Every structure is written in C-alpha cells, then in structure tokens.
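Residue numbers (our numbering), protein chains in the order written: chain A, 700 to 902; chain B, 131 to 1132.
Just so you know, these hints were derived from the structure itself, not from any lab.
Treat the numbers as computed from the prediction; the structure is a model and nothing was measured.
Even for Gly, the Cβ is constructed at its ideal location relative to N, Cα and C.
Hints should not be assumed to be uniformly reliable.
Non-contacting residues of chain A with respect to chain B, defined by C-beta distances greater than 10 Å in every case (computed) [as the list claims (entries may be wrong)]:
1. 708
2. 709
3. 726
4. 761
5. 835
Capping the alpha-carbon separation at 20 Å, the derived lysine to any residue pairs in SDA-like fashion look like this [as the list claims (entries may be wrong)]:
6. A:806 - A:757
7. B:418 - B:724
8. B:422 - A:843
9. A:806 - B:1078
10. A:745 - B:735
11. B:735 - A:713
12. A:806 - B:852
13. A:804 - B:853
14. A:806 - B:740
15. B:735 - A:888
16. B:735 - A:858
17. A:885 - B:728
18. A:806 - B:747
19. B:418 - A:713
20. B:970 - A:703
21. A:885 - B:826
22. A:885 - B:740
23. A:885 - B:811
24. B:970 - A:888
25. A:745 - B:1013
26. A:885 - B:970
27. A:885 - B:1014
28. B:418 - A:857
29. B:735 - A:857
30. A:804 - B:851
31. A:745 - B:811
32. B:866 - A:843
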Amino acid sequence: MSDRLAARSALHGFAVPGRHGRMDGAAGVTVGERVDLGLASVMARKGQGTALREIARAAYGADLPDTPRHVAGPEVGFIGTGPGQWLAVSERLANGDLSTDLSTKLKGLASISDQSDGRAVVRFAGGRAREVLAKGLPIDLHPSLFAPGGAATSIIALMGVTLWQVDAVPTYDIAVFRSLAGSFWKWLTDSAAEFGYDVAPTR
Amino acid sequence: MSAATDFARRDAQPFRLAAGGLIDRSRTLRFGFDDLELTGFPGDTLASALIANGVRLVGRSFKYHRPRGIFCAGSEEPNALVELRTGARREPNTKATTVELYDGLVADSQNRWPTLRHDLLAVNQLAAPFLGAGFYYKTFMWPASFWEKLYEPAIRRAAGLGRAAGMPDPDHYEKSHAFCDVLVIGGGPAGLSAALAAARAGARVILADEDARPGGRLLADRRLVGGRPGPEWVTAAEAELATMPEVRIMRRTTVFGVYDGGVHGALERVNDHVPAPPEHEPRQRYWKIVAKRAVLAAGSIERPIIFGGNDRPGVMLAGAVRAYVNRFAAVPGRRAVVCSNNDEGAATVADLAAAGIDVVAVVDTRHEVPAATRDAATKAGAILVPGGRIIEAKGGRSVRSALIRSGEGRDIHVGCDLIAVSGGWTPSIHLTTHLGGRPTWNEGMASLLPGTLPPGMSVAGAAAGHFGLASCLAEGARAGVEAAASLGFPRVTAETYRADEESVAFAPFWYVKDSIGKAFVDLQNDVTVSDVKLAAREGFRIAEHLKRYTTLGMATDQGKTGNAAGMAVLAEATERSIAEVGQTTFRPPFTPVAIGAFAGHHRGKDFRPTRLAPSHRWADERGAVFVETGNWLRAQWYPEPGETDWLQSVTREVQATRERVGVCDVSTLGKIDVQGPDAGLFLDRVYANTFSTLPVGKARYGLMLREDGFVLDDGTTARLAEDHYFMTTTTANAVKVMQHLEFCHQCIWPELDVQMVSVTEQWAQFAIAGPRARDVVTALLDPGQDVSNEAFPYLAAGPVSVCGGVGGRLYRLSFSGELAYELGVPARFGDALIRAIMEKGAPFGIVPYGTEALGVMRIEKGHPAGNEINGQTTAHDLGFGKLLSTKKDFIGRFMAGRAALTDASRPRLVGIRPVDRSVRIRAGAHLVPRDAPADAAHDEGYVTSVAFSPSLGHWIGLGLLSRGPERHGEVVRAADPVRGGDTPVEVCPPCFIDPEGERLRV
C-alpha cells in the first residue's frame, strides 16, 4: 500500500513566510495559519440544553456561552455562533480527534460535525491589527466593546468569517471557509501591506 | 497685455505677497499648467499657486467656451476644473481649488481647442441664441435618427469637460470602517469647538474635514479667538485633540452622504496630495463611519451677486479673495472693485488694502451702508457706491473694467482686474436632507435652513444659519456637549469663546436686473438669468422642472454657488416667493466620489472572492482550463498536448471515462450534515420522496420542491447512522438549499429534533467513474476492504480507510451512467488524494475530466441539471413524477397538484437528435411542428442542453416539449431564428446511453 496521504494546510502555497509589505520599521502585524487545529460544530439536541451545558462543563471545563463569545477550557474552547450552536476549537485534540471526542462525550446531547478541514484559521496580531481588520470587518473592535474572549460571526470582503479575540495585543483568530483561503489571504495581505507584516511559516 | 509680458516674471510669483500666509516659503515647488512652468510653495493649492503666478484664465466654459478663471477657494468651485496628472493617472474635472500643490504637479486646462488662450470653439458663443434653455430638446428634435449619429457626438465634442485617462488606474483604493460616539462633520470653528467639547466629555470623536488642515474660515479670515489669531487657536485646538486617545482627526476627508443606522459615507484623499501614492498605500479610502451622534458643522458657501459678464476671470467670491490673500498670500488682482450686500464688505476691503491692493470702488447694494464699510472704503481710498450694483464686468480673458450703476442711476466706469463679490452665505445643509428631511425656507435669512434631521444629527454654526464667529464657536461647543451628554457622557460645561466683533447683517440681493450682456447663474453649465426666465415663460415653474430643463445645478459642482440665485430668479419671473418655487433635492454624494473608491480592493479578479476546489493546485499544474461556476473555479477540461479545440479534449475525456475510467473533482457540491432523532422525518418533509426508510449505509437520489410545487434542487443523500444523514445539493443551489432547510426547521417545524450544518468545505470528494473504477478504488483503499458489487452495491455508502489510514467515505453513486464511486476525504488530504488517484489509476488508463465532460455524460444519460431545473419545471415536467410520494406530506406536494402544473400539454423533458446526424443543434432553439412556421404561435418548447455525444458520434440534446413523452419518434424542427438555424430533429427518450442502467450495477 502506498504512503499515507500528505496533509496540506489551507494556506499552503499562499502564505509565504517572512516580512512583506512596507519594509521599514517594525511590522504592524504578524499573521500565520493555525494548522491541525481541531474544529467542530456543536448543535444542541432539542431539550438537552441544560444537560449539555452540565456535561460540557464537566468534560471540558468550559461554560458554553449563550452569546457570541469564546470561552476557553483547558483543552477545548467554545464559540457561540447562534442559539444552541457553537464552534469548538482545540489545539490539543487535533483535526478530527476533536469531533470524535465531542461525539463520544456529548452523545445524545448534541450533534457534532467535524469542521477541522472546512476552515482555514488565521492568527492575526499586532498594534495595527484593528486598523487592518477595519478595512473589511463591519463591526467595532474597540477594546471597550470587544476584548479577549469576544467573538463574532460576520463578513469580510464578501467572505463569511468567525473571529475571536485571543489576547489584548490584540491577537485575533479568524476562521474562513477553506476554499476561500486564497481570496481571504489576498485581502488580508493587501490590507496589511501599508503597515508591513510578518508571515509565520505554515505547512 | 501680450502673452509675453503677462507671464514675464512668472518665476518670481509676481502676485505673491512678500510675507504672511499659511505657506512654507522655505521650499519651492515646481509645477506645470498647460505649457507654463510655474512655482509655488507647500501649503498652496493649485488655484492659489496659479493666482500667485498671475494666471487668471484657467478654463473654458461648458457650452459657450467662454474664458473662465478661479471663482472660489473650496470644493464648491464651478469654473477652475483641470485635468490633473498625465497618462493613466490623468483625472479630469478636478477642482484646482482643492488640489494641494506638490513638486512636479502637472495640470492641463480642459474644454478648449487648440489652446486655452485661442479656443476656436469659442465660436459657440455666436450660436448662443440657439443654445439657450432646453436647447437639447428644441434644436435636435428632428429627424430623430440624427440624434445618436450626428447631434450627440457633435455636441459632446463641442461642449464638454475633461478627458478620462482611458487606461486602467495604476493606483489602488480601499474601504474601511470607523465607529464613534460623535462624528463632527467639518473642522471650522464650530466643528473644532464641538469636537473639543464632546472629546472633553470622554466621547469617542471623529472630526472629518475636507481640507488638508482644519480651521475653515479661521484660516481665511483675519480673526481673533480669545485674543489670538485664528490659525493659532486652530493649532492649539488640534494639539489638544491630538492628546486625546479616543479622538481621530480625519483630514482631507469629505463626509459625502448620510445613510440609515448612523452610517456616514466619507472619502479620504489619502494620497491625492503627492505625485503618486507610496508603495502599499491607497490613493483614496472610502469610509463607512458609524456614528451614534453627528454634529454637522459644514459651514456655508458664499453666494454671488449675478451681473452681466459675471463669469469673466477676475470676478471672484469675496470670501475666496480673502482666503487667497490671507491664507495663501496670493493676490488675485492689482485693482479691485468690491461688491456686496452685507457687512463683510468692510473686511474684504480692509484685507485687500492691507495686502497692498488698490481698491478702486466699493459697491454696496444697500442704500444704508454701515460705518465699518464706509471707513474701510475711505481708508482704502475707494469710491463708495451705496445702493449700487455692477451692470457689467467688461474684458476678455480677464476683467478690465466694471460698469457700476449707482443708487441714483448714475453710471461709473472703473478700470479693475478683480471684482470681489458677495451675496451673503448659504448654509451647507446638504447632509441634513439625505434621509428625506426637507429644509425650510427662512425668509428673514433668505436661506434654506435644516428641517427634519437624520436621527442623531444636530447642526451647528454657519450650517445652521449662525454666521458670526462667536456664535459658531458657542453653538459648536453646545452641540458637542449635548451630543456627548445624550449618550450618557458627563455634561461638561461648554467653553465660552471670545471672538473679535463683527456684523453679519445683510439684505438679499440676487441679481442685477439691468445687467448688460450674459449674466450667469450656473457658471459650470453656462445657465444664464435669461435661460431661467425663458424656462419660466415656457412653463417650467417648479424648481425640479427648471433644473432639468435648463440643467441649472446639474454640473459636477451641483450648483453649490448658483442654485439659490436661480430659485430667486425663477420666483421673481413667476411672481411668487422663493418658498413657493420650491427647491431641488440634495442627494449623496456631497462632492464627486471616484467609482474606484467605492470598489476598493474589489477590482479585476478580486471583484468577488474565488472558491478553489481541493484539486485546484494539481489541476492548475496540469494545465486545466477553468470555468467560473458561482464563486467556484472548476476545471472545465484538461487539454492534452496537441489538442487544439475544447471539443477534442472533452470528447477524449468522455471516451476514456466510458471506455476505461475518469476522475472528476465534485467537492463543490453542497454537503449538509442532517442529524438528530427526527432527521429522517425532517427529510421526508423537505424531499418529495421518502428518506426515513433509507437503511444506514445506503444513499438515495432525492428531489426537493419549492413551496409552490416547482422543483428546487436535486441530489443524493446518504444515511451514515440512524440519526445522521449526509445530504448533497447541486453546486449552484448549495446556499439556497441550506437556507431553505434552516427556514423549514426554524419557522415551520421547530418541534423537530433535527440539527443541520454545512460541511461542504470539510470534504474533498472525487467521482471515479468508468468500467475500471472499481480497480482504481480498490487500489486506493487500504487492504481488507471489499468493494465488490456484492459487498458494496449500487447506492451503498460508508466509511473507508484510504491510502495509509486516512478516514474517508465511499459512496457508490453515478452521474455519468457508468460504474462509479465518489470518494471523500477530509479536505486537507484532497490534493494528495487526487495525485494518488491519478497514480493508482494510471495502470487502468485513468483520465481527469472536467465540467464539460461531466455535462456531456449527463446529457447522454438524460439527467436534468441547471438548464432543466430552472425554477419553471415541475417533477412531472422532468419525468420525476414517480418520485412524488403519495404516502406522506412534503413541501410543494399540494401546489404541485394544481391543474396547470399537471396539465399534460406542459412542455416536458425529451431527448432530441438531428435527423441529419451531421447537423449541430443548439441550446435555445425553439421546437415547432415540422410543417408549421417558426413563430411564437407554433412554439411548443425549446432545446435546453446540447452536447456532441462521443458515444453516438453526433449531436444530441435535451429539451422541454409540449406533450413530449407522448411524441417519441416524431420529427419536429429546432428553429433558431436568432442564430439562423432551422433543422428537423427527432424526439426521443431523454436517456441516450444504457437506458436500463446496467452499467451502474456491474
């Protein structure tokens, strides 16, 4: 039998590591792809909301948020994407391992679908990050309104995104449909170019 | 004056004052205007630099090609339009008054031939009697056919503005969003004090000003605030705002429109003031500013007094004259006449005199002239003409004299090269009307004042009709305090400002009735007082009618200076008040906005995002030809070396697939996980056929109807577990179907325990089709998995382990009619899987095939697709009547049963083939009876899809034909009057290949 199929990240071939855009001064933002992240949609079964919350708290140490927020447990974080709907994110439970784990632990309480390959997740950080995002994102990221843990499902340059803030640098993670990774990357880098940006290596 | 002496000392900037002005004299900027090489200073506009150089003639007028000069000092300029820059960056109709001077600037005058000074088209003036109001409508009425070919091109050549670059714009534009508590529109005294007040209360403030530096009239007039010169106060205010982290000053930014929800459109000219944008920076940025409150402090625009020859270069608004003298230290003339209807005349006279300009006459239209004006005139040594008016400005390329008529009717003829004219000020209320607010006419102020305001907006300063500097500062501060306080910020005490004394008294005076010569109301569109009067006589008595008939206010300046006077002339001509005449409507944008700014990055291939299939990179490497299907880019065919024609490649791909094996990326199909205990019940209700009975490990073709009974979409759905179905949709309808399902669940059957989510992007899925498909699949699967016909029959579905332990899913589905599988793996393995399929398939002669071959094979099989499932066809039409379950209810069931939808004479799906097999048939051809004329009365349907069938060796088609299924074997005609075809075709069953479906099941 042949060798195992090689995985390729969504931004393979698009993200070129190194400094780009305006070259003088420190880079305004850094940008990189989060690869092998476990992603899964979690949808509560009818009437199971309370049980689901309890089990999820016990299993993952996280309170499922009722609002568009990112609540991080030790291994798995949950982003509210709609009533009774979450996007689960995990670095430790890579790729499909997350949905397998969720399906087991939340059996009968939620419908789980693996989305690890369905999204490219871009980590975007730096002093000019808000200015870059403002060029596409029609929501207010002012620190008084959108802080670490803040999350939004919105649109950037005609592309649907789920975005959550990681820290106060600010650092953001932005999930975009995999097939749009190239177009999104083009928008992001065009928009960041005037500030200069560093690209972290990807796979 | 000859041309030689006119510009003899141009290098010395002969009209530049020795000192003063907000310009940086330490650096000299070179620039070109037509064939002149000139100099200016940082801080200049193109207009101020031209004035400093003594250039008075800057353009020719739209209709009559009359010489025109600079009239204003701001964005309301009607005359001084130039072509800025050259080559691909050439930008026509650019206002010289708003262009910041930079080193190397090149501008050309426009609408003249061959040169500005000797414009041969000025003969248009001789035709003036024919070019009056409504001349388009009157002159070129007959014959109508001459309009497009003769009249319009001739008019466009003779009467026009600048030339577009005609090349792709080399610069890029950008869009951005901003949010604030208080948006202050305009950075003059009212705007600055409003911004300071709101910011001191702690509000997030954006101050937008169209100028390169805020200050407004404080930069143009010699005024004191708190005992300090205006510009000093402005600098201090700017400095304070700069220390506040929640304040953003947006310079060179015009707020051009107000929209719902506190959204304001604004254009920032990021790099218009440099020769070319620095690398990575946009030229302009289009902002959507979302503000909870807005303070409109847009100021006001000075009105002219209209008199004969008021368009001659050298006739200039008095406020603009003061701006050039005070801000730019550039004097627009040597001998001036000042004409006004208000108390500001004194300031104009004093500023001119202080600049060393000889003021020869001061004309005040009022009989009672205030002492300040008298004193200023006396000091300047000018004759004072109370109750006077200018009858005519005489001259050619520049004013040479003014004919003044005194209050007593005595004519005075004075030599002059500058006439500074002021008819008072018009509040800039444009933005208050963008959401439908109607301004109100204030008779006392002879002005339109803001009426109903957009939600959250207040108006301060001159825009609200408060003209004095002290009241601008006070009202601005009050508006800033109120805006912030209304949002819950502390109510700070409004700062009280002390300004030097002034009087803003005026008496309306619109135009000089006993003018000699043409008196222009709209300088840019060449509309005269007599045009307005003529229109009134011809029955155009309403402001909106007058505008369209005469083109008054329809030029790029939108009549900012002349409209008010136009309404006054119309009112008088129709013996009504100005309030009765009505008003035209201000719509966005306030000033022109380049389309490029609205587009931003969405240009060329970035017009919309592109979705790339998992095999894209591999297909691209292989030289595939791609086609856009929605946002997706899909491989259309894969040319081989030596193939010169798409049909050649497609035919080869079909033959290879039918004879051996082919592979196609079908990842673009919509994929939806439908889960939950009620998933089967839910699917039974949204599909016309039944899914609750589908065993786990099986897939089924499904047909979905709209509520109105027509077909919505089709696809296959597999059952992966008791409570887990995996639905596929067509590529085109993926989003629509997802929305439909969400709607059905949330609004119709919220009681069902079912969850659904799109997993389209999660899976890379490839169709492997052809007699050798099983061989290829077997080679790809890890050992020990049986895909024999017995173990994995037609329509089987289930998990598999692929190429070294990758978890995938295999479905035995076929769109091509061949033995076929669809193999799915998580998308990150998609690229590797297509390469593995090609490698493992090589011994079996595998070929990749694109969407064309896919289409050919589905037409050969008679499968309806987008051309047939077009929103107008029912299940019966498409031959799917048997799928409509009679054992359950489903969406569309009842409406599909309506008489008209089950009428046997409806066009229904058939196959067609040309009687003469060598003939090509075309999609879109209409089907008519063999011996009937090809007209609408005999139309019985049309050809929906055609393909050259490699299997049959001739063209075949699918069509919708009235009573089609009953007419197999009949010969009709495919008539194509548009493209000229008319050929007999035989009606046949839609499936051309393997009608029994034996190949599927081997």
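Structure-based check of all given hints:
Listed as outside the interface, residue 708 of chain A is inconsistent with that label: its C-beta sits roughly 7 Å from the nearest C-beta of chain B, within the 10 Å cut-off. Not every C-beta of chain B lies more than 10 Å from that of residue 709 of chain A, the closest at about 8 Å, which undercuts listing it as non-interface. Every C-beta of chain B lies more than 10 Å from that of residue 726 of chain A, the closest at about 12 Å, which supports listing it as non-interface. Even its closest Cβ contact with chain B, about 20 Å, leaves residue 761 of chain A beyond 10 Å, as expected for a residue assigned away from the interface.
Remark: the non-interface label on residue 835 of chain A conflicts with the geometry, its nearest Cβ contact in chain B lying 8 Å away (cut-off 10 Å). Proximity of residue 806 of chain A to residue 757 of chain A is assessed by CA-CA distance (about 14 Å); at most 20 Å being required, the pair is judged to hold. For the hint pairing residue 418 of chain B with residue 724 of chain B, the CA-to-CA distance comes to about 15 Å; that is within 20 Å, so the pair holds. Taking the CA atoms of residue 422 of chain B and residue 843 of chain A, the gap is near 16 Å; set against the 20 Å cutoff, the hint holds.
Among the hinted pairs, residue 806 of chain A with residue 1078 of chain B is inconsistent with the structure: their alpha-carbon atoms are about 52 Å apart, more than 20 Å. For a cut-off of 20 Å, the pair hint linking residue 745 of chain A to residue 735 of chain B is broken: about 44 Å separates their Cα positions. Simply put, residue 735 of chain B and residue 713 of chain A have alpha-carbon atoms about 16 Å apart, close enough for the 20 Å limit, and the pair holds. Distance hint between residue 806 of chain A and residue 852 of chain B is fulfilled; the C-alpha atoms sit about 13 Å from each other, no more than 20 Å.
For the hint pairing residue 804 of chain A with residue 853 of chain B, the CA-to-CA distance comes to about 16 Å; that is within 20 Å, so the pair holds. Distance restraint check for residue 806 of chain A and residue 740 of chain B: the Cα-Cα separation of roughly 37 Å exceeds the 20 Å cut-off, and the hinted pair is therefore not satisfied. Distance hint between residue 735 of chain B and residue 888 of chain A is fulfilled; the C-alpha atoms sit about 16 Å from each other, no more than 20 Å. The straight-line distance between the Cα atoms of residue 735 of chain B and residue 858 of chain A is roughly 15 Å, inside the 20 Å bound, and the hint therefore holds.
Of the supplied pair hints, the one linking residue 885 of chain A and residue 728 of chain B holds, its CA atoms being roughly 19 Å apart against a limit of 20 Å. The hinted pair formed by residue 806 of chain A and residue 747 of chain B fails the criterion: a straight-line CA distance of about 38 Å is larger than 20 Å. With a C-alpha separation of about 30 Å, the suggested pairing of residue 418 of chain B with residue 713 of chain A is violated against the 20 Å cut-off. Annotation: proposed proximity of residue 970 of chain B to residue 703 of chain A holds, straight-line Cα distance about 13 Å (limit 20 Å).
Simply put, residue 885 of chain A and residue 826 of chain B have alpha-carbon atoms about 43 Å apart, too far for the 20 Å limit, and the pair is violated. The straight-line distance between the Cα atoms of residue 885 of chain A and residue 740 of chain B is roughly 11 Å, inside the 20 Å bound, and the hint therefore holds. For the hint linking residue 885 of chain A to residue 811 of chain B, the alpha-carbon distance of about 43 Å lies beyond 20 Å, and the restraint is violated. Taken as a hint, the residue 970 of chain B and residue 888 of chain A pair is broken in the structure, with Cα atoms around 38 Å apart against an allowance of 20 Å.
A threshold of 20 Å between alpha carbons decides the hint, and for residue 745 of chain A with residue 1013 of chain B the separation of about 31 Å lies outside it, so the pair is violated. Between residue 885 of chain A and residue 970 of chain B, the direct Cα distance comes to roughly 35 Å. Violation of the 20 Å bound is thereby established for this hinted pair. With a C-alpha separation of about 47 Å, the suggested pair residue 885 of chain A and residue 1014 of chain B falls outside the 20 Å cut-off, and the hint is violated. For the hint pairing residue 418 of chain B with residue 857 of chain A, the CA-to-CA distance comes to about 16 Å; that is within 20 Å, so the pair holds.
About 14 Å separates the Cα atoms of residue 735 of chain B and residue 857 of chain A, which keeps this hinted pair within 20 Å; it holds. Simply put, residue 804 of chain A and residue 851 of chain B have alpha-carbon atoms about 17 Å apart, close enough for the 20 Å limit, and the pair holds. Pair hint residue 745 of chain A plus residue 811 of chain B holds up; C-alpha atoms about 15 Å apart against a cutoff of 20 Å. With a C-alpha separation of about 37 Å, the suggested pair residue 866 of chain B and residue 843 of chain A falls outside the 20 Å cut-off, and the hint is violated.
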